[in-house]
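J.: The primary structure of each chain is shown beneath.
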Amino acid sequence: MIKDNVRSTSKVSARKEKWKFSELLADHEIRQRWEKVKKYFYLRESTYDMTNRCNIRCDGCYYYEGEKQFAQENGNPDAWRELMMKEKARGITYVVLAGAEPSLVPRLLKACYGEIPLGCIATNGLRRIPEEIEYKIHISVWGNDETSLRVRRSKHLLMKQIENYVHDPRAMFVYTFTRENIDEVYDVTERIASHDGKITFSMFSSPIGYNGSLRHNKSSLNRTGKVMLDLMSRYPQNVIYSPYNIVAHTHSYGLHELYGCSYPRRNSSTDIGLGRSFRHYRADLSWDRDVACCVPDTVCDECRHYAAGSAVVTARLYRHVSDPDTFKSWLDYVDTYLAVWVKGYEKSINLCHVMIQPPFQP
Amino acid sequence: MTTIRDKQALLHRIAEIIIFELKLEDITPDKFDPDLDLVNELGVDSMDLATVALVLQDEFDIKIDEDDYPKLTNVRLIADYIQKKLKGQTG
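From first to last, the protein sequence lines are chains A and B. My numbering puts the first sequence at residues 1 to 362. My numbering puts the second sequence at residues 1 to 91.
Derived by calculation from the structure, the hints in this document are not laboratory data. One or more of the hints may lead you astray.
Claimed, not checked - Cut-off 25 angstroms, straight-line C-alpha distance, at most; resulting in silico cross-link-like pairs (BS3-like, lysine-lysine):
1) B/Lys84 - A/Lys18
2) B/Lys85 - A/Lys18
3) B/Lys23 - A/Lys36
4) A/Lys110 - A/Lys36
No experiment lies behind these values; they were computed from the predicted model shown.
Construct the complete structure from the given sequences, taking the supplied hints into account.
T.: Shown next, in the form of structure tokens:
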């Protein structure tokens, strides 16, 4: 947890006990940002494992944990097209095409894109995804080339990722901080920025049963937060992040404890929201509500994953309507999430520059 | 702050707020069915509902608990909820 530059919500609120929503929106800057992000409230996501194959094997990969890896993959584009039509009919407007390595099945990606045009593909970036598939493309980076060789068994990975996606407006590099690669991010960010690339951050969140050295501890969380902040100021055009993202993702408590995870695996309610609409399809097009989650087979208490936060923090709008700085922080978070996930959405300058603590802590 | 005692006027005002906040087209407050299920029939999602709840809180100067949001699934239920809250404040 970041100690520097932290402002507690209670101090802010001391000036005024509780702000009304309309009072917060009376500020022109806040109102503008609210109107900007509000247009995207219609996004409703689900996640799809496209294949059970991958062209590299990484330590701590959540795909190769649990049952989902054994699903018999369905490689028929017509079956995927039909699934997407059904998904659209039940209100899904955004697809996340993930495990194991979607770039290996471009025909399936095309079939999905043909039916639901908003979405994202999570890839290791070794194989370029055809340009006509205009989803956002998240390229996972887990350290410099030396670390990638050790942890992902892939040579010159970053160089290949950059070559494949240089000047590609779809591309977003996602640097996953582990306990071991924190300072390597400087070199990685420099290389990505020198090619005008965009980078955002995720946090290694242990798969169930993982006991390796990538797992975060208090000290690595603290150090990661400081490095993130430093990078935001060094590369403001390239790093897509906000101070509140740092707070939410490097806090000593995980996302579930701080915000209450709204994915079905931790949320039994089917009344409204993700608990009702979210599904995680396996490569055989089956799904199971009991394990449905954006990063299945991750230890929930340790989950600080960027994808989880995008939904979980965003969903807690009402908890952040308390004072201007807290609400601005939430708006910055949502603005960041949209810039990371929605093609064509441009991030604005962060409204809040101090570290506001989450509105609820256990 | 609005304090509407008349139920019909309250239903009308809630419908107005929902139409405005969710930018609904082709419907007026007069024609808004107070028993229309906002989630199942209108397709309102959690973020929409949270937005509406925040506006209603301001409008009627009440506190809507986070856990109560999923219960507010139609205009009539919302009106009942508001009236109950307002009674609690005065009574």
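J.: It remains to establish, for every hint, whether it holds in the given structure.
T.: Quick rundown of the hints versus the structure:
no., hint, result
1, B/Lys84 - A/Lys18, "22 angstroms, holds"
2, B/Lys85 - A/Lys18, "19 angstroms, holds"
3, B/Lys23 - A/Lys36, "14 angstroms, holds"
4, A/Lys110 - A/Lys36, "30 angstroms, violated"
The structure is inconsistent with hint 4 alone, although it conforms to all the rest.
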